[in-house]
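Given chain C's structure and the hints, the job is docking chain P onto it.
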Amino acid sequence: MSRHRYVRNIDVDEELEEDILSDGGDDLSPEDYELLMDRVDLVRATLGSEDQSGISDHEVKDTLLYYNYAVEQSVNWLLEEQARKNAAKERKAAKEREKAAKLAQSKATSPKIARPSAPKAAKKTAPSKSGSGTATPTRAVDQRQLDISALNLTAKEDAPVEEEPPKPTIALEKLLEEVRKEMDTQERSEKRSLSLVVIGHVDAGKSTLMGRLLYELGRVEEKKRMANERGSSKIGKSSFSWAWELDGTTEERERGITMDIALQSLSTPHREITILDAPGHKDFIPNMISGASQADSALLVVDSATGEFEAGFERGGQTREHLLLVRSLGVSQVIVAVNKLDQVQWEKSRYEEICSTLKPFLVQSGFQSSKTRFVPIGAMAGVNLSSRDSPESGALKQWYKGPTLVDLLDTLEPPSRDIMAPLRFPISNVFKEQGAGIGVAGRVCGGVVQVGERLRILPGDGTAVVKSISNDDHSLPWAADGSNVILYLTSVDPVHLSIGSVMCRPDNLIPLATAFTARIITFDIDIPVIAGASVELYHHSRDVPASISKLVSTLDRATGAVVKKNPRVLAKTTSAEVQITLRNTSMSGPSAQAPIIPLESFSNNKDMGRILIRRSGETIGAGVVLSLLS
Amino acid sequence: MKLVNKYVDKNGAGHVTLRPEDDEDMWHLYNLIQEGDSVRAPAIRRVQNVSATGSTESHRVRLNLTLAVTRVTWAPSTSASAGDLAQAAESSSTPQNSTAALHVTGRVTSENPHVKMGAFHTLDLEVNRDVRIEKADGWDSIALGRVQESCVPGRGAEVGAVVCGEGTAIFCLLSEHMTVILQRLEVPIPRKIATGSSAHEKGLSRFYSTLYSSFLRHIPYANPSLRAIVIASPGWVRDGVYDYIMSEASRTGNKALLGARNKFLKVHVNSPHVHSLVEVLQSPEIVSQLKETKFAREGIMLDKFHKMLGTDEMRAWYGPEHVILAADRGAVGTLLISDELFRSNDAALRKKFVSLVESVRERGGEVVIFSSMHESGQQLNQLSGVAAILTYPLDVEIVEAEEREAKEEEERKAAEENGKGQ
Chain C
1 MSRHRYVRNI
11 DVDEELEEDI
21 LSDGGDDLSP
31 EDYELLMDRV
41 DLVRATLGSE
51 DQSGISDHEV
61 KDTLLYYNYA
71 VEQSVNWLLE
81 EQARKNAAKE
91 RKAAKEREKA
101 AKLAQSKATS
111 PKIARPSAPK
121 AAKKTAPSKS
131 GSGTATPTRA
141 VDQRQLDISA
151 LNLTAKEDAP
161 VEEEPPKPTI
171 ALEKLLEEVR
181 KEMDTQERSE
191 KRSLSLVVIG
201 HVDAGKSTLM
211 GRLLYELGRV
221 EEKKRMANER
231 GSSKIGKSSF
241 SWAWELDGTT
251 EERERGITMD
261 IALQSLSTPH
271 REITILDAPG
281 HKDFIPNMIS
291 GASQADSALL
301 VVDSATGEFE
311 AGFERGGQTR
321 EHLLLVRSLG
331 VSQVIVAVNK
341 LDQVQWEKSR
351 YEEICSTLKP
361 FLVQSGFQSS
371 KTRFVPIGAM
381 AGVNLSSRDS
391 PESGALKQWY
401 KGPTLVDLLD
411 TLEPPSRDIM
421 APLRFPISNV
431 FKEQGAGIGV
441 AGRVCGGVVQ
451 VGERLRILPG
461 DGTAVVKSIS
471 NDDHSLPWAA
481 DGSNVILYLT
491 SVDPVHLSIG
501 SVMCRPDNLI
511 PLATAFTARI
521 ITFDIDIPVI
531 AGASVELYHH
541 SRDVPASISK
551 LVSTLDRATG
561 AVVKKNPRVL
571 AKTTSAEVQI
581 TLRNTSMSGP
591 SAQAPIIPLE
601 SFSNNKDMGR
611 ILIRRSGETI
621 GAGVVLSLLS
Chain P
1 MKLVNKYVDK
11 NGAGHVTLRP
21 EDDEDMWHLY
31 NLIQEGDSVR
41 APAIRRVQNV
51 SATGSTESHR
61 VRLNLTLAVT
71 RVTWAPSTSA
81 SAGDLAQAAE
91 SSSTPQNSTA
101 ALHVTGRVTS
111 ENPHVKMGAF
121 HTLDLEVNRD
131 VRIEKADGWD
141 SIALGRVQES
151 CVPGRGAEVG
161 AVVCGEGTAI
171 FCLLSEHMTV
181 ILQRLEVPIP
191 RKIATGSSAH
201 EKGLSRFYST
211 LYSSFLRHIP
221 YANPSLRAIV
231 IASPGWVRDG
241 VYDYIMSEAS
251 RTGNKALLGA
261 RNKFLKVHVN
271 SPHVHSLVEV
281 LQSPEIVSQL
291 KETKFAREGI
301 MLDKFHKMLG
311 TDEMRAWYGP
321 EHVILAADRG
331 AVGTLLISDE
341 LFRSNDAALR
351 KKFVSLVESV
361 RERGGEVVIF
371 SSMHESGQQL
381 NQLSGVAAIL
391 TYPLDVEIVE
401 AEEREAKEEE
411 ERKAAEENGK
421 GQ
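From first to last, the protein sequence lines stand for chains C and P.
Counted from 1, the first sequence has number 144 at position 144 by our numbering; the numbering is strictly sequential.
Counted from 1, the second sequence has number 409 at position 409 by our numbering; the numbering is strictly sequential.
Hints listed in this document are in silico derivations from the structure and should not be mistaken for laboratory results.
Predicted model, so just to flag it, every value in this text is computed and none were measured.
For each residue, glycine too, the CB sits at the ideal point set by N, CA and C.
Some hints here could point you the wrong way.
To be verified - Derived coverage of chain P by chain C (criterion: at least 3 residues anywhere in the stretch with Cβ under 8 Å from a Cβ of chain C; other residues may be distant):
1. 25-31
2. 54-68
3. 211-221
Unchecked claim - Simulated restraints, written as ranges between beta carbons of each label pair:
4. C:GLY316 - P:GLU292: 31 to 37 Å
5. P:ASP243 - C:SER390: 42 to 48 Å
6. C:PRO494 - P:THR109: 26 to 32 Å
7. C:GLY256 - P:ARG206: 21 to 27 Å
8. C:ILE596 - P:SER359: 52 to 58 Å
9. C:LEU36 - P:SER198: 50 to 56 Å
10. C:SER603 - P:SER359: 46 to 52 Å
11. P:SER355 - C:LYS550: 57 to 63 Å
12. C:ASN471 - P:GLU292: 56 to 62 Å
As the list claims (entries may be wrong) - Pairs of lysine-lysine, BS3-like flavour, derived with a Cα cap of 30 Å:
13. P:LYS10 - C:LYS224
14. P:LYS351 - C:LYS550
15. C:LYS550 - P:LYS352
16. P:LYS407 - C:LYS565
17. C:LYS565 - P:LYS352
18. C:LYS191 - C:LYS237
19. C:LYS282 - P:LYS307
20. C:LYS565 - P:LYS307
21. P:LYS407 - C:LYS572
Excised from the complex, chain C in its bound form:
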């Protein structure tokens, strides 16, 4: 009897959803249609043709649209649905038989209410039988609900779903459309956005350069500059006045050193650039990694003063390590700013010496020479940043005729964005802001996030609703792959939010892993890597203790062919496939739970599949995740 009631409820829902679907599902752009047809063929390859499988093309398409073109899921669903239809068919037949039998016996004792429900249920459960109905996965959920309700289970779990009806999923289609349009216009208008990480050896002048650049481009008010100047000379560090714009905390200012990433944005004639000013000191490389993993391109600052460049570039210097790190994190474009040339009297020979030392190393590290540019600058005096008009640049003007730093920044090529990928948002900062609630900063690594969505926070069971999205004080309705934004969240328990967690849509979660296989390249290391070596694993803003639990094979660096299986050690600059297991950090035995981190294989999501391995303050390797083990 209760079943009867449920059937009626669902009837209404179904009709509503069907309306919405027909609104949203049919207007496809030509590219989408092509993609769709492509995927339909793939699905057909598994299922067989229409006659063999009994599944119509229409159904396949609907399913694919629902699952966002994921072939595997669609196939699974279609097969399930097929099984269900067959079952329903049989059920109906059985009921029909039963009814006939009952009629024949003409016993009127059977309850009258039950009878009408039987054919009705049959009608509902097998709507596609008539051939005209198009089964959609949305309905499948209802079907399942129906089945569950028949088991007399309370449907309490569904309550939160009720709050936000399937709106986001359907709206997603429209949103993607919108995002794509926006990106097209952005491309046409040639004001494209990208993010840039500023790297280099400690005291190369990264923060000073950025402070000066922001000032030159009118991002720093005169008043603030004066305040910084006064403040810094007060504590006897007037040379740090430009850096104070980015080094905001008291400790950084006192020590005159950047300790954490500073986020700023600037705009050149054709680019909107998000600047991530990284710390150069080697103790803060974790912070630098966190910044570099959010960047598309890099600006390397080198100190040209006598002895300083050499100190930064020799082994153990950060010029070398930072370059390797950003390359391993997927950054392929780099601008090299040769700084402090005023200290060597703007000698052309010094500039050329530095360029010729760096060039081979850049190529060797995997930067294409066409994507590396050099520029001589004097950050403190603002020489050759946006122009060479100031009196200090007279000496440089005599021999340098090339582009300025801003000209180079203006020609950086933004990478392609993947908005169709499932949403991943690794958190790099969590903070409370008065009036705005809890904010999380980070970079969208795949997909699109929009205001009003409920997202899952992994690891853990937390969820959060996006209240607003902000980017450099502008409020946005959505943010797509590659943008560095702050999400302000509501209805979230702050305990779930920690730096390093990943936010994603509840219907497409990022997998969690404690062990995985990876392909790594070891850097220039003294102590070889052996099975069981304790290392620290860096993944976005998170670092965890781990161990290289197994050396699977060493590979040829060029071809990737297996050179040796089960090697005993990995020497320097070796390419290898290894197993990495996160370490149980307590010594109290098996009771302590193993740590778990969100991770994806490189083939699924490039951003989420890159790892770095460090040991005792030295980066020993970088790699990509091949597959998750557990």
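Frame of chain C, contents of chain P only:
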């Protein structure tokens, strides 16, 4: 630990009676008692009697039980202990309380008026209660060595260590054989945001104050047996932490803490994780202070092994099979072996490692048995638990090939003999 009684004949049969005194003794007992041994210790058992009329009465009886051990479980002390320690140290120099739990489960093997033979019992071993251990397979050199080691009076120093990062702190207490993690502290500190907000500073000061209160609770700074208090961190967190602790101590007039000022050591490490403790133990400040302690030696040895691996790969071997091969050739100069291997329930496996240790010692090699309760031991466990620094270089592949040949030779001989026999 006190050795109350020892009767072991030349074949290794016999028993040893020990009186544990602190947590570390419990760890020794855990390493001594194995499956199959018989252990006699005081126990409290609820005995139920049914009278002729069917009424039951139950009472708790204190008695000595002898068990044939089937299982030993160990849990290191919890954070509560150190606070007690600090208090105890302040009031009087009473011996430390033990909070480590060691449970021995097995069947009762000796007759007594209350408990049937063969009944199961779990002994909760306590400090200051005598335990008699009789080894099933006899006392080997490793077990006897451990008894001896554990009974050395006034043994090594204790070190309190706080490994901090920005917003994280791990409180540890290191003793000769154990590293106990007392607490992990995590205070979310918002990272700096471009708009110079004060959130970062606020978070930092909250972190310092929580750290200070945990420090008072966990680190027995006034205890004279505590040799050093290490504050380790990357960056400059350790300076901030040290300054905060000292300023709070003088603000609140904590004389004991101010008096311990010279025990503080600030050490630079590269990561805020527990495994940085290895780096702590290798730092020159610590080495000069604690050279003779076991845990410092373990750290140095492991470092030596790694360095050898870097300089001459053929002289650094690891993994049980390989190390045994090297020992057969008399090449092992220093053997690094984890105590976990001796806890193995497989008697044959244990015997294999015991004979490995004995053969290395016979040839004049040095043997360092790592405690798996230390970070260095944990890292050795990751490397299969056994490693060796060889006196002369040997190529693993050549040795393996030799072994294979020898084996084939043997097989061929055996086959020939079989052929002759037929």
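Going through the hints against the structure:
Closer than 8 Å: that is the beta-carbon criterion, and the region 25-31 of chain P has 0 residues meeting it against chain C, so the requirement of 3 is violated. Three residues within the 8 Å Cβ limit are the bar, and the region 54-68 of chain P against chain C gives 0, so the coverage statement is violated. Figure legend: the region 211-221 of chain P, annotated as covered by chain C; annotation inconsistent (0 residues with Cβ-Cβ distances under 8 Å, at least 3 required). In this structure, GLY316 of chain C and GLU292 of chain P meet the distance hint of 31 to 37 Å, their C-beta atoms being roughly 32 Å apart.
Checking the proposed 42 to 48 Å range against ASP243 of chain P and SER390 of chain C shows it holds: the Cβ atoms sit about 43 Å from each other. Restraint check, PRO494 of chain C to THR109 of chain P: a C-beta distance of roughly 57 Å breaks the suggested window 26 to 32 Å. Restraint check, GLY256 of chain C to ARG206 of chain P: a C-beta distance of roughly 25 Å satisfies the suggested window 21 to 27 Å. Between ILE596 of chain C and SER359 of chain P the Cβ separation comes to about 43 Å, which falls outside the hinted range of 52 to 58 Å.
Range check, LEU36 of chain C to SER198 of chain P: Cβ separation about 52 Å, and the 50 to 56 Å hint holds. The supplied range of 46 to 52 Å is met by SER603 of chain C and SER359 of chain P, whose beta-carbon atoms lie about 50 Å from each other. For SER355 of chain P and LYS550 of chain C, the hinted distance range of 57 to 63 Å is not satisfied, since their beta carbons lie about 28 Å from each other. About 59 Å separates the C-beta atoms of ASN471 of chain C and GLU292 of chain P, a value consistent with the hinted range of 56 to 62 Å.
Simply put, LYS10 of chain P and LYS224 of chain C have alpha-carbon atoms about 85 Å apart, too far for the 30 Å limit, and the pair is violated. Between LYS351 of chain P and LYS550 of chain C, the direct Cα distance comes to roughly 27 Å. Compliance with the 30 Å bound is thereby established for this hinted pair. The suggested pairing of LYS550 of chain C with LYS352 of chain P holds, with an alpha-carbon distance near 24 Å, which does not exceed 30 Å. Among the hinted pairs, LYS407 of chain P with LYS565 of chain C is consistent with the structure: their alpha-carbon atoms are about 23 Å apart, no more than 30 Å.
Between LYS565 of chain C and LYS352 of chain P the CA atoms are separated by roughly 28 Å; this keeps the pair inside 30 Å, and the hint holds. The suggested pairing of LYS191 of chain C with LYS237 of chain C is violated, with an alpha-carbon distance near 38 Å, which exceeds 30 Å. With a C-alpha separation of about 22 Å, the suggested pair LYS282 of chain C and LYS307 of chain P falls inside the 30 Å cut-off, and the hint holds. Distance hint between LYS565 of chain C and LYS307 of chain P is fulfilled; the C-alpha atoms sit about 25 Å from each other, no more than 30 Å.
The hinted pair formed by LYS407 of chain P and LYS572 of chain C fails the criterion: a straight-line CA distance of about 35 Å is larger than 30 Å.
The structure does not agree with the numbered hints 1, 2, 3, 6, 8, 11, 13, 18, 21 stated previously, though it agrees with the rest.
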